[in-house]
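Given next are the chains, with one letter for each unit.
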Amino acid sequence: MSSENSTLVKLNNAGFKQNDKWLVEGVSLTVEKGKIVTLIGPNGSGKSTTAKIALGIYKNIEGSVEKYTNKIGYVPQKISIDWTLPLRVYDFMLLTENIKDEAIDEALTLTGVIHLKNKNLGNLSGGEFQRVLIARAISKKPELLVLDEPVQGVDYTGEIALYELIKRISDTLNCGILLISHDLHTVMTATDHVVCLNGHVCCSGSPMDVAKNNEYKTLFGEQASQILSVYEHKHDHVHSDKGEIKKN
Amino acid sequence: MFDDFFIRALIAGLGIALVTGPLGCFVVWRRLSYFGDTLAHSALLGVTLAYSFELNIALSVFIISSLIALILIQLQKKTNLPGDALLGLLAHSSLAVGLVVIGFLTFIRFDIMGLLFGDILAVTTDDLLIIWTGGAVILLVLKLIWKPLFASTVNYELAEAEGLNPDRAKAIFTILMAAVIAISIKMVGLLLITGMLIIPAAMARNISDSPQKMVLFSIIGGLLSVLLGLFSSLEFNTSSGPSIIMAALVLFILSLLNIKQSIKLKN
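As they're listed, the protein sequences go chains A and B. The first sequence begins at 1 in the numbering used here and counts up one residue at a time. The second sequence begins at 1 in the numbering used here and counts up one residue at a time.
The set of hints was computed from the structure by calculation and includes no laboratory data. Treat each hint with caution, since some may be false.
Derived EDC-like pairs: lysine to aspartate or glutamate, alpha-carbon spacing no greater than 20 Å straight-line [claimed, not checked]: (1) A:Lys33 / A:Glu164; (2) B:Lys147 / A:Glu164; (3) B:Lys170 / A:Asp101; (4) A:Lys117 / B:Asp209; (5) A:Lys78 / B:Glu157; (6) A:Lys140 / A:Glu102; (7) B:Lys147 / A:Asp101; (8) B:Lys143 / A:Glu97; (9) B:Lys213 / A:Asp91; (10) B:Lys143 / A:Glu102.
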């Protein structure tokens with residue numbers, strides 16, 4: 001099949017059960033090179049679980065996962081690091097792969113935290129740490145990026161800049177991105193494919209298709225219709241915005 | 001100038017310190033000090049079996065400690081008991097079994113104190129060979145699994161997600177722990193081996209700002225502890241184990257001064 005060349009990870013009817021309770025079941029999705037797939041859904045709907053299934057962190061799963069790459073960058077939702085370790089930002093950047101100094105500096109500059117390079121990881125603020133996490137994931141120049149709420153705790157302007165960065169990385173590295181986000185606005189503007197979860201896939205498709213879907217509207221209620229209008233409005237805005245950047 | 005036995009003890013001790021330095025850092029980072037204790041307690045059973053069947057002590061201790069580690073992993077999977085309860089269960093029951101077996105071995109003269117606290121007189125030339133070749137193998141393997149082991153120490157899921165196979169690294173590390181206890185039991189004694197792992201690493205933590213520095217200072221701290229400890233053991237006719245651990249403690253206390261200073265500098 002021609003699609004197999006660009007496929008990075010594929011979930012076939014995948015699910016995960018913990019203590020006899022399904023965290024998520026029946027998820028099928030494909031992340032391809034250069035495409036952003038976003039998972040949305042309420043708390044406890046299985047977004048992070050789906051990401052962990054795709055990454056192979058959960059082993060005893062139902063269904064199957066086909067992975068076509070080992071170059072993976074992961075930004076987890078929750079990360080607990082033990083401060084008995086003396087760990088600088090620099091050491092953390094080298095955690096899973098030996099990366100050249102230039103690549104480290106470049107990634108830290110892109111996420112705006114190059115000045116923290118020799119700081120102890122334990123002394124960073126939540127937003128700063130989040131930027132370091134993103135820098136670490138992109139510095140490896142991965143083929144697949146899995147970002148679980150990557151901009152939590154980041155200030156509003158930083159949030160927009162980081163999402164733009166993520167979009168740009170997907171374009172320049174031609175890597176596939178599996179994104180989990182609560183920010184429906186971002187989802188609707190920057191994503192190629194949306195999967196709406198609620199313990200199972202409740203609907204999926206292009207952002208527009210999902211926004212118009214009735215199940216999605218029930219799930220997100222009032223917010224959904226608002227986002228739809230925001231989406232249609234912002235869509236133009238972002239496009240003109242991007243045009244300006246390209247002109248510069 | 002010095003007796004042969006003392007030179008042998010010195011060479012043995014320095015070899016052990018080179019290995020316990022980096023391994024001790026992981027014991028501190030991964031909170032495994034009680035796990036180390038459990039393996040060390042089970043070493044008594046290993047020693048008694050070595051005497052009973054005329055095996056090499058280090059080999060016998062290594063086998064028994066690895067076995068206990070395996071049993072622990074199985075118990076963790078199959079029971080709902082918390083980890084520290086399982087560790088206590090294994091530590092004390094293997095110690096008890098070891099002591100009971102000693103009671104049956106009336107035909108052998110046992111130096112219990114030497115077993116518990118280390119005995120520099122007991123170190124033979126064969127032991128030196130075991131310590132240095134065993135130690136070299138342990139360090140080499142540790143270097144090979146460093147990346148996945150360290151990454152999963154920082155965060156298991158990141159290591160797993162990015163393809164480093166942390167479970168395998170953890171299993172290998174467990175075997176390395178059993179091995180380091182096996183090679184150092186004669187010198188430091190089974191009650192104090194964990195101290196040799198933890199105290200120099202804890203001292204190093206106080207004066208390090210990166211993992212590499214901590215490993216380096218931990219090794220230096222261990223080497224100094226062995227030197228100071230053995231010379232004072234000779235001078236005051238004390239057991240080698242406690243003397244080495246006390247020297248390490250002195251270094252740890254000195255490293256606390258560094259913390260106070262850096263806090264002052266910050267203000």
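Results of checking the hints against the structure:
no. : hint                : result
1   : A:Lys33 / A:Glu164  : holds, 18 Å
2   : B:Lys147 / A:Glu164 : violated, 32 Å
3   : B:Lys170 / A:Asp101 : violated, 29 Å
4   : A:Lys117 / B:Asp209 : holds, 13 Å
5   : A:Lys78 / B:Glu157  : holds, 10 Å
6   : A:Lys140 / A:Glu102 : holds, 12 Å
7   : B:Lys147 / A:Asp101 : holds, 18 Å
8   : B:Lys143 / A:Glu97  : holds, 15 Å
9   : B:Lys213 / A:Asp91  : holds, 11 Å
10  : B:Lys143 / A:Glu102 : violated, 25 Å
Going down the numbered hints, you'll see the structure goes against 2, 3 and 10, while the others check out.
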